Structure formats: structure tokens, C-alpha cells
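Residue strings, one per chain:
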Amino acid sequence: MGMVRKISYAQAINEALDYKLSKDKKVIMIGEDIGTFGGTFGVTAGLLDKYGPERIYDAPIAESGQIGVAIGAAATGLLRPVFELMFIDFFGVCMDQIYNQAAKMRYMFGGKAKISMVIRAAGGAGMGAAAQHSQLLHSMFSHLPGLKVVVPSTPSDAKGLLISSIEDDDPVVFIEHKGLYAVKGPVPEEPQRIPLGVADVKREGKDITIVATAAMVYKSLEVATKLYKEGISIEVIDPRSIVPLDENTIVNSIKKTGRLVVVDEDYPRASFATDIAAIAASKCFKELKSPVKLVTPPATPIPFSPALEKEWIPSVEKIEKAVREIL
Amino acid sequence: MGMVRKISYAQAINEALDYKLSKDKKVIMIGEDIGTFGGTFGVTAGLLDKYGPERIYDAPIAESGQIGVAIGAAATGLLRPVFELMFIDFFGVCMDQIYNQAAKMRYMFGGKAKISMVIRAAGGAGMGAAAQHSQLLHSMFSHLPGLKVVVPSTPSDAKGLLISSIEDDDPVVFIEHKGLYAVKGPVPEEPQRIPLGVADVKREGKDITIVATAAMVYKSLEVATKLYKEGISIEVIDPRSIVPLDENTIVNSIKKTGRLVVVDEDYPRASFATDIAAIAASKCFKELKSPVKLVTPPATPIPFSPALEKEWIPSVEKIEKAVREIL
Amino acid sequence: MNKPVISEEKLLWMYETMVKIRVHEERAAELFAENKVPGFVHLYVGEEAVATGVVANLKKEDFISSTHRGHGHYIAKGGDIKASMAELFGKTTGCCKGKGGSMHIVDLSIGELGANGIVGGGIPHAVGAAMGIKLNGLDDVAVAFFGDGASNQQNFHEGINLAAIWKLPVVFVCENNGYQISLPYSKQQIINSVAERGKSYGIPAVSVDGQDVMAVYEVAKEAIERARNGEGPSLIEAKTYRFRGHFEGDPAIYRTKKELEWWKENKDPIIIFKKLLLEKNILSEDDSALIQKKKEEEIEEAVKFAESSPWPKKEDILKDVFSTSTKGVLVWEW
Amino acid sequence: MNKPVISEEKLLWMYETMVKIRVHEERAAELFAENKVPGFVHLYVGEEAVATGVVANLKKEDFISSTHRGHGHYIAKGGDIKASMAELFGKTTGCCKGKGGSMHIVDLSIGELGANGIVGGGIPHAVGAAMGIKLNGLDDVAVAFFGDGASNQQNFHEGINLAAIWKLPVVFVCENNGYQISLPYSKQQIINSVAERGKSYGIPAVSVDGQDVMAVYEVAKEAIERARNGEGPSLIEAKTYRFRGHFEGDPAIYRTKKELEWWKENKDPIIIFKKLLLEKNILSEDDSALIQKKKEEEIEEAVKFAESSPWPKKEDILKDVFSTSTKGVLVWEW
Ligand SMILES: Cc1ncc(C[n+]2csc(CCOP(=O)(O)OP(=O)(O)O)c2C)c(N)n1
Ligand SMILES: Cc1ncc(C[n+]2csc(CCOP(=O)(O)OP(=O)(O)O)c2C)c(N)n1
Ligand SMILES: [Mg+2]
Ligand SMILES: [Mg+2]
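Chains as they are written, first to last, in our numbering: chain A, 19 to 345; chain B, 19 to 345; chain C, 783 to 1116; chain D, 783 to 1116.
Simulated from the structure, these hints should not be mistaken for laboratory data.
What you are looking at is a predicted structure, and each value in this text was computed from that prediction instead of being measured.
Check the hints yourself; a few may be wrong.
[Claimed, not checked] With a Cα cut of at most 27 Å, we get these calculated DSSO-like pairs of lysine-lysine:
#1 B:Lys130 - D:Lys841
#2 B:Lys130 - A:Lys307
#3 B:Lys304 - A:Lys273
#4 B:Lys132 - D:Lys1062
#5 B:Lys132 - A:Lys307
#6 A:Lys132 - C:Lys916
#7 A:Lys130 - C:Lys969
#8 B:Lys304 - B:Lys220
#9 B:Lys132 - D:Lys916
[Unchecked claim] Incomplete in silico selection of chain C near chain A, CB under 8 Å:
#10 Pro906
#11 Gly910
#12 Val1111
Glycine is no exception: its CB is placed at the ideal position from the N, C-alpha and C atoms.
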């Protein structure tokens, strides 16, 4: 096998969409500026030309209506919609459809409804986009039952997980970190699937476990590489999907290392970070050697000024400090 | 002082509303069926007659519009609206206004906006109201920065906390448990304030700490009373407000007892329960003597059938079992 | 427009359906009062002509989305009343295996996309069904039922506009029963009819007497044919009235007894339709009594089925969240 | 209707305001290109006559709610451009202390309720301000500005209907610039004008040439007077066009160069108004050049103020979440 080509996270997502649109006529897309404009972040470029306006729907600003349409279409079994919410921050205008409808229909209907749909959205801070355009929000979606939640960190994961998400028979919230769209990495041309619910150990280690998501995976790996030179061996786990969660990999790692740092860009309270910390406290108590550390933003909205935003986002320095504190 | 009279949780809330409406002309109410109907649960009975339709607005079904109106009115400083969302489950149709607007305005505007408003809503399971009318949802509101979150368990707390909430200059989500509306307890006639951010130790103990909210406080107390006869001394803490959280009282109790059970009716993942468990794991690690226990519903929507719903809600038996497991 | 010719068979189906709904709902009220049916129950008594007149134009493959007041839609569309009655009881034989209850009865196999506890929530679902229909080149249609209260809500505005711009085969049927719980229509909107809102979306809209099943049938026929012919969506307002409280247990203090009595005496859709069928000699008093009896028996059978059905089991709670296993889903011990 | 008589002073204020907005926005574009202003920046170039013509009828105590494209509204209402320019830079002297940026500029002291990053989000806020006005017996009014795209969204529908039934002193101004980012108006709605939607709510609605500040002024005057007189809300659609991309950095591939050039040549609101003022001898070419220069100096002063202002400090992050202390709010170490 030759060298695996490198493409960006955005291109990888585009490839996954293109692949599924080409293979399955039931797959359609609904969203704002996904057609002519090619997506606010260029992710859907070329798809309208290739598949036409009967598959790629450029919609008026009516997110509740749009996703409601996607849900109805999915419920009939006639389509498998991919709904693009331009920014995950806009969930609030369509949360009822996401959560009281899509997430619960299967359950409320005793398993009789199949809501095969994906909600793709851009998330994450770092662009100076302020409090209403910078959130990541995966915690909340994992809290609310009935949604699968995917937060890929690498181009290859993004492609493989998106194909699996579109093929999944349940509603999947697929959050793409804006700061990663331009990141390049090796991505196989062939449409390989990465199953939901399987964590990826991005680096093996034995002294301490870091669980990190999305952009925080890179910062955690940076710390792991740095501290390795000092003889500190850090295991970095990227759960990739938050629901389902690969508990085994996480629990086994914590049991092995006895130490846990959770690094996450979402708000800290009642969050993905506390979820993992609580897993440690209840399921790995015997093996835990030191207090669990959470490295997250503060419990505040996201400030606009670049001077503040860069401090708000968890930094390599803070991760390093947390690791040292519990070693 | 004579005997304190006993009134219901619903009446206590009505008294708090009545008191603030009578004392402050800026206080108004917006919601569905709060006027002529007196509220779906009878909580606002009599207020329309007393204060008229210019203070008590019976609104068409347009929750996003309603709360948006409340926010605008609050932002001007001209009014202090109390918005009633009939069921907290309906948050999804107005979440953007709750969360991207009310919660963040003060921050986004550099502290210049003052959003003095209360969002009252009924929550909680046990009525056979199924997946879209039975949730409690305080975790999610505590996760998202910018909202104060109150979940009272007793009539007296409900009255004192609601008066404080209406007088607070920030947006407060005030969740009333439907199963408690009929519960009676001693409530002072005078409008005493209970500050937000002060937990109430509903029972002192030394062997184990239970942190419980809303209806779960009663079940936890039941277990505490029962096990006391066996010589097990349980401390039951009701945080009353989740944001701000009285961390000190909780942390000190866990340090004292070395053991923690969190009992909560909200969904378990990335929740209030994991928040408290994570506090134990990170801030009380040295003193912890056994694994932390979470007693919550499963991570599923709420089933309709009474046969299922009663199993879904955390039971006295499950709380007792959890306590015994870590003793 | 010429009056459509309707077969006797269809007319009798309409009559039987209305009676069936009425009998079902009155029995459900009793069962609620006896504490056999828990939760919130919103009945369709008085509004039977709307669901019936509309659905009389639909075939099995067509879709409908429904509301919290959904029994009538379900029955008209051909839903199995044993399954729905068992659902009202919370039994495992229910159409949702006891997980949904009255506000969530559903039968996807006959295109019934589900009742809905969120007002307005189902409106865009019918639009989505219509999108599926159009893309698959089918000649089916979808119908969204909803109330006057719902027409003030986001999904009405957003759902209809999307259907209009994409020219989808869907019909929006607003059951204006004059109240949103306690709020009269006159305090919801300062216009005279929800149909006036059709202009906002550039679609045909009409208001019809919802107590006259023939009138409903006719306007629905036109709208549904337009949708089937690829001419896009329409809006129908059917002016109707509910003969019971908003939900069972509602003392309905917000309306006068006189108003209620007037509607019952003058605008009972079953009495009105029966009179017409008697006049036309399509129905005799004997036929009518027989239909009533037959429907009562059917409902009684459903009640027996529900009563004798088993309760769901504790472990069922963990099923049906996802189509895949619960691995990694629960996380927390239970 | 007789044309209202407008004082020369007001006419000159209108001209100066439009020039000020134009100069401000063109400078902001440069600053964005130079990476001095981060984030998303949506400029008002080409639409100056709308904010100006409407706000010319308002006093300081009146309220407006704004949008992501909010600089024009802020400037017209009298916002301090030093504070807003510093905000665009993210400096601590900004109107939001650097926490908001372009999408959140605000000045509550002059009734500017804030720009908004959520399309449609601000519409009901103006309605709420109007409720406050009415209850306090004031003679102020509130104006909600929003785009054509926003008129498809929930808050348009819900906000306007509430204002209508409660007869509140608010005016809804839709700035129909023909695009919702890349989606032309013709693909958003199949009607011809957002004003047609007024019928849904039973309120007066009118469409006006948004490039003609006098025309905007006149229809706004009527609507605002109606509101002040307790006669309830109105809807105005101002047909306009944005001369720049949706946000800075947008190559605007969704529209033709020809279309853009046509608007710039034939429908530049400043050129049109200047011509009128010259004809009427209210303005000379020299006056105009002087105004241009004065505005450039003002903006330059604001830019200098912004550039020389300090950055906010790390610890500021924790401030302004609540009016009370952070006790029990952060919980997690930071
Ligand atoms: C979004 C939302 N808001 C409020 C409710 C509570 N609620 C249930 S039914 C109802 C009234 C509905 O009125 P209408 O649409 O006219 O239907 P009807 O009950 O008259 O058939 C309300 C307010 C709800 N279920 N969902
Ligand atoms: C609820 C919501 N959906 C989508 C967006 C992304 N967005 C920002 S501006 C915009 C277009 C707005 O169009 P319009 O209302 O016509 O205003 P214009 O930009 O033309 O002034 C969109 C889609 C948003 N900010 N909020
Ligand atoms: Mg109604
Ligand atoms: Mg526009």
C-alpha cells in the first residue's frame, strides 16, 4: 500500500457526505447556505452541483421547521436526512425538534419509529466569534437521552464516523470543531467506517490517563509528548463518540494508571468532564491514586476579545499544570 | 410565637407571587392559562382578579415570543417579568431566548444589561405524563452559564426562594416539582427571603452524606430515618439552588462523613449527580472512604405506563441499597 | 365548483367513523374518571367531522401528523383501537408498548406519524413526509392536523413556509375549536380566521364549518387533489368546538354553560350528518342504532383487551432508546 | 396623506448620519482586512437609509432592537462610536468591555437594546420594551429591525402576533436586502413582499423603497405615530441592498457583479439623498465634502481610541456573568 494521502478535516467530511449521497438516494441534505454557498465553512462545496436541488436543500432561516421536516422524512422511512445546523449554538431555536421529537420518538413509540438522521453542526471557540457562535455543547446532548453524540478530532475519524452516523438508524448529533476544519491528516480514499462507541487511544501511557475531545486531543498530545521527555508516560484517550461511550477503554485506562485528567472545551458544570470524573469516583475508586483533575473553561459565556478568548479555552499550560499536580 | 400554619407548596408559591405583585408594580406575569384558568396546577389562582390583565398576561402558544418579550421588558429596566413555562419540558421551543439571550446578555454586554426575570416551570415525573411532560431538567440549566437555577423541595423553601428569585437581578430558572404541589408544610405568613446559594441540611448525620434535590429529598429523609434505627447516621443536604451552589456545605459534609450518595431525578449523564460526584473526586479525594454512588433514573426518556414510571423514578429501596453498598 | 359525488359506501364510512370516535372518546372519559387511564387525556368529542371529512380523502399510504388531541385522527386513519386502548392503559400490548400513552399514540404502518405532546410539534413532520413522497415520485400526500393555539407557534410559520417554497404535497388542517385551553380565539389573534394566514405563505387557504362533515370533505378534497397533482400545499381552517374540557378533569370555567349547550344542540356533527343521511335515505334510524351498538361493542372489546393485557416489565424501560444495543448508552448503573 | 414637513436641521442630520455610517463601515472593512478586527463582521453599506429614515422619528427614550448587521442602527440611534469601535477591536474600553464584539454592540442608555448573533432573536425584545412602555404609561415606542431572512423565523411570527393582540407601541422594520446570506428572497418566500405578512396579524403593513430615505422617513413616521397614539404595531418592509458581502470575507458568488453594480450606480441611498438636498439648496457640494471630512475625522479618532485602548485582563473573564458575586457559580477551579 502506498502513502495515505493527507486531506483536511473539512475535506474529509465533504468526502463522507459525497460518498453517502452517491450511494444512497435516500440521503438528502437540508440546511442554510449548504448549496450555492458551499457551506459557511466550505464543507459542502460542490455537492449542489453534483446532486441538484432535490437532494441539497438551501433553506430559509427556520431551523425548527427544517429539522422538523428532516424528522418527518426520516420517520416515513423514505429518506435519511442530513440536517446542517450552521453553528451548534443555534440549537436553541430548534431544540424541541432535536430533543423532544427526534431523540424521543423511538422510545415514546415503543421502538416503532426509526429516526435515521444526522444533525451536523460546527462548534468550538477560537475564532473571536463570541458567546453565540463559539460553543461546543456536546455535554448537553449527551445528557439528554435519545441522541447519539459524535465529536471527531482527526480528519480520518471525521470521515469514518460520519459515514457510520449517516448509516446509523438513530438520530446522531455530529459536532465538527471549527478550529479543526483546516487541520490535515491521513485519510483513506475508501469509505471505511468507524463504529460509534469505540474510543481511540491516541497515545498509550502508564502514569496518567487523559480523556480529551475534539481540539483538546491535540493539546493533550502536545503535553504528553513534552512530558514524555521527563519520563512521564501519559495515555491520551479520545472517546470520539460521547454517546455511546466506550466506558471500558476509559475505565481500564484509569484502573491502569490510577490517575485521571479530563480535558474538555465545553462548560464545566454538569458536563462531559464531570461525567468522566464521576465514572472514576464510582467505578475506579479503589485504583485511584490522586484527586481527579478537570481542565475546562470557566463556567462563563465565551468572551469575544482575543485577549480573553485565548485564556478562556483550556491551554497546553493548564493541562501540563493539572498533570503535574496529581503526579 | 404561635404555631406556624401549614400550607401547600402550590399555595406557598402563590403567596410569593402575590406578595411581589402587590409590593412591586414592575412585577408582571406572562404565560399560558395563568389568568382565567389560574394555572394548569392552580398555582396562579386569583392573581388575574387581583392584578388585572395588564399585570397578568394570558398568552397564545408562542413561548419563544413570550420569553423574548419578558427579556426585552427586563432589559429596559421598566419591568421585572415572571414568565411561566407551563411545563419545563417545553424549554425546547424557547431555548434560544432562555439561553442565548437571557443567560448571556449581561456577559455579552460587558455587565451593562440587567435581566431581572424569573422563569417558573413545573417539572418532575410521577403523573403518567410521559416523555414530553415529566422531566425535571435542572442539570442542563446549571450546565449552561448565565442562569441561576432553583429547585425547591419544601413549601417554605419554595416561598422564600421565589421571593428572592423575583428580587434577584439575574435570570433565574425556578423549577417546581409537580409531585410536591400538594405537599403541605409550615410556611411563615411574613415574606421571609431565603438567599440563593445556601444549602439546607435537612438532617444532620456523620456516617454518610446524601445530596438530594426536589422530591428526592423526601425519599432520602425516609431512608435516613429508617437506617437511623440501625445506627446509621445519614446527613441529608438539599442544595435548594444548583446555581449558585453552596459548595462549602457539601464539601464539608463529604469530608466529615467520607461517603457520598447523590440522589437526583434528572437524567444521569453529564448531570447534577455527576457534578457532585466529581466535586467529591476532585475536592474531597483524601477524605473519601468508598466509591461515590449515584442514584438516578436510567439514561432513557420517561416511560408513560405507571408500571414503568414508578421503576424509572429513583425509589427509597434504591437509595437504601446504595447507602448500604458503600458503608 | 361542482359538489363532488360521494359513494354511499364512503358516506356510511364517514358516519361510522364519527360514531366510532364519539363512542371511543366517551368511553375513554369514563375510564379516566375510574382511574384506569392515567396521565393527560384530551378528547375529540364534538370535533369528529374534521378528522373524518379530511381522512375520507386519504388512502392508507398517505400520511398524517397529529396532536395531543389525537384519538380522532388515529381512528379515522384506520388505527387499531385495541392497540390504542391498551396504550391508554399503559399496557405492553399498546401501540407504543405502554411507553407513550394518550399523547403519543401512533401507527406508522398506516401513515399515522404520531400524536404529539408539544403543540405544533407535528406540523413540520407532515412537511417532511411530503418531501419524502415527492423525492420518491409517489402520488401520496401528507396532512398536518393542529389547533388554533398551534397556529401561533413557530412550527406553523416555519413548516408552512418551507412547504410553500418547496411546493410539497401537504395540506395543513387547523382545527379551530375556539380555545387554546382557556384562551379564546379572539384573544389569540386579532384576525377573524386562521385561514387569513395563508396569504403570508402564498398558498390557497379556506375556512370551513368543521361541524359539517360534507363541507370539510369538499374543501379537503380540493386541497388534497391539488397536492397530489403537484400544485403544492394549502391551508384549511375548520371551525369546530370541543364538547368536553380541554383535558379530562378540566372544569372549563373559562366558557359559559350556555355556549357549550348551544354547540351541543345546534352543531353536533353527528346529529347534523345523521339528519342528512336520513333525509337522503342512505341511513335509517335502525341502521344508526345498529352502528351505534356495533361501535360500542368494538370499543368494549378494545377495553377488555386493554384490561386483560399484561403490564410492561421493568426491564422494558431500557429498551427502545436506540436501534442498537445499550452498550455505552446507560453508563450509570441502574 | 400630506408629505410631512421636515426641518432643514433634521434633513442635514439624516445626511450626516448616512455618511457617518458609510464611512464607519468602510473603515471597519479595512480594519477587518488588516486583521485588527477579529470575528464575524456584517456591514451596513448600502442600507444606510433604512436605519436613518426610521430613527429620524425617534427620540432618545425610544427603544430599538438590532441584528448581527447592527452598526448602522447603533450609529443612527446615537451610539458612541468610540465605544463601539473599541468593542470591534475587543478592547476593554469597548461598549461591552470587549466581551461582545461586532455582533453584540449595545447602548442601553440610549435605548439601543443590542445587536444580536441569533437571527430574529431581537424581535420580541422590542415587543417587551413596548410592554414596559405601555405599562409605565410612557409615550415612547420601540422599533425592531431585522432582515428578510429573519422574517421566516419563529420570533417574527410569535413576536408580531403578541404585539398585535396586546396592542403594543412597536414598529417592525424588515430590511429586505434581497438575500439571506446566499439565498435570494425569491427562494425564501413565494410572496412578493414581506409586508404581505402583516395580514396574518391584522396589523398595517407597507413596503417602501429602502434606498430613499425620505420615503422611509414618511412611512416610519406614520407607523411610529400610530404606535405612540396607542393604536398598536405596524410592519414596514424596506427594500434595500447590501453593497458588500454578507460578512467580511464573503466573495458573494451567489449574485452577479452586474446586479451589484446596478444597485451601486442607481440606488446608492447617499447619492440619491445628496442629489435631493443639492436640488433643494439645503446642501452644497462644499458642505457635503466638509461633512465627509468631518465624519472621516470622527471615525479616525474612534479608531485611534480603539487602537490605543488596553486589552481586557484575564480576570475579567470571570466578571459580568451575574450581578452577584461568583461565589458558588464557578465551582470548578480555573
Ligand atoms: C409548546 C407547547 N406549549 C404549551 C403546551 C401546553 N398545551 C397543551 S394543549 C394546549 C392548548 C392547545 O390549543 P390548540 O392548539 O387550540 O389545540 P386544542 O387543545 O384546542 O385542540 C397547550 C397550551 C404544549 N403542550 N406545548
Ligand atoms: C437562528 C440563526 N440561524 C442562522 C444564523 C446564521 N446567519 C447569520 S446572518 C444570516 C442571514 C440573515 O439574513 P437576513 O435576516 O436577511 O439579514 P441580512 O444578513 O441580509 O442583513 C444567517 C443565516 C443565525 N445567526 N441565527
Ligand atoms: Mg383549540
Ligand atoms: Mg437579508
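Structure-based check of each hint:
In summary, the hint linking Lys130 (chain B) to Lys841 (chain D) is supported, as the alpha carbons are separated by about 21 Å, within the 27 Å threshold. About 46 Å separates the Cα atoms of Lys130 (chain B) and Lys307 (chain A), which puts this hinted pair outside 27 Å; it is violated. Annotation: proposed proximity of Lys304 (chain B) to Lys273 (chain A) holds, straight-line Cα distance about 18 Å (limit 27 Å). Between the alpha carbons of Lys132 (chain B) and Lys1062 (chain D) the distance comes to roughly 46 Å, so the proposed pair goes past 27 Å and is violated.
For the proposed pair Lys132 (chain B) and Lys307 (chain A), the alpha carbon gap of about 45 Å is over 27 Å, so the pair is violated. The straight-line distance between the Cα atoms of Lys132 (chain A) and Lys916 (chain C) is roughly 20 Å, inside the 27 Å bound, and the hint therefore holds. For the suggested pair Lys130 (chain A) and Lys969 (chain C), the alpha carbons sit about 39 Å apart, so the restraint of at most 27 Å is broken. Restraint check for Lys304 (chain B) and Lys220 (chain B): the C-alpha separation of about 26 Å stays at or below 27 Å, so the hint holds.
Distance check on the hinted pair: Lys132 (chain B) and Lys916 (chain D) sit about 20 Å apart at the alpha-carbon level, within 27 Å; holds. Evaluation of the Pro906 (chain C) hint against chain A yields a held restraint, the C-beta minimum of about 3 Å falling below 8 Å. Interface hint at Gly910 (chain C): satisfied, since its Cβ lies 2 Å from the closest Cβ of chain A, which is below the 8 Å cut-off. Satisfaction of the interface hint for Val1111 (chain C) is found here, the shortest Cβ-Cβ separation to chain A being roughly 5 Å, below the 8 Å cut-off.
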